[in-house]
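K.L.:
Let the sequences and hints guide you as you build the complete structure.
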Amino acid sequence: MSKPTVILADDHAIVLEGLKGLLQDEFEIVGIANNGRELLSQVERMPPDIIVVDITMPQLNGIEAIRHLARMGAKTKIIVLTMHRDATYAKEAFDAGASGFVLKHSASSELITSMHEALRCNTFVSPMIAGELMQLYKEEPDTQKSPYTQLTERQREILRLLAEGRSVKEIAQDLQISPRTVEFHKYAMMEKLHITSVSELVRFAIKQGIISI
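All the letters of the sequence shown, read from the start, carry residue numbers 5 to 217 under our numbering.
Worth flagging that the hints you see were computed from the coordinates, not collected in a lab. Among these hints, one or two may not hold up.
[Unchecked claim] Restricting the straight-line Cα-Cα distance to at most 30 Å, the calculated cross-link-like pairs of lysine-lysine (DSSO-like) are:
{"no.": "1", "residue 1": "79", "residue 2": "108"}
{"no.": "2", "residue 1": "142", "residue 2": "79"}
{"no.": "3", "residue 1": "7", "residue 2": "79"}
{"no.": "4", "residue 1": "24", "residue 2": "211"}
{"no.": "5", "residue 1": "173", "residue 2": "108"}
{"no.": "6", "residue 1": "196", "residue 2": "173"}
{"no.": "7", "residue 1": "173", "residue 2": "211"}
P.N.:
Structure below.
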């Protein structure tokens, strides 16, 4: 019987090497992606059975990548493997279409289990945050909504680029829109988030796991 195929997405080479060593006996690694855009491209070319993806990645973070994959109609099972212990991230990941949420420090004992559960169309969440996640789902939807979810997809894209240090002109060229449109979205984000400066936007992006320090 052939092994289930896997694409790994993480921007840290040492993590990728560790994952390959952990998974290679039971799974076939068919792709490695260092950012969200690269992940989408690889899935389009060769959809795997499972994706293991980090949240904090350049160009497109893991949760946004999951949303893109859902819009593409991808049937691949997705496991989020992250250092973020906040259950809000887990809720966003599951709402976006993930099948599992595993903390990196528990990967050696939980990741393979979560992948097998996903292949059986079950979900898996690290026990450390399971109780908090259940509480979030019991609460009123709007009371626990992350401020990040208030932003449109275009605003999230611009936020990431601003946080990476790109200028308004560079962002406009990258996204093929006018600098005035970039400025409009920037100030709309600041108003939504009650933020008064670009440096605060960058801190917000780091806190949300959109970029790493």
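K.L.:
Each hint: holds or not?
P.N.:
Comparing the hints with the structure gives:
1. 79 to 108: Within the cut-off at roughly 24 Å; holds.
2. 142 to 79: holds, 28 Å
3. 7 to 79: The given pair, whose Cα atoms are some 17 Å apart, holds under the 30 Å limit.
4. 24 to 211: holds, 29 Å
5. 173 to 108: violated, 37 Å
6. 196 to 173: Distance of about 23 Å is within 30 Å: holds.
7. 173 to 211: Given that 30 Å is the threshold and the Cα spacing comes to 25 Å, the pair holds.
This entry does not satisfy hint 5, going by the numbered hints stated previously; all others are met.
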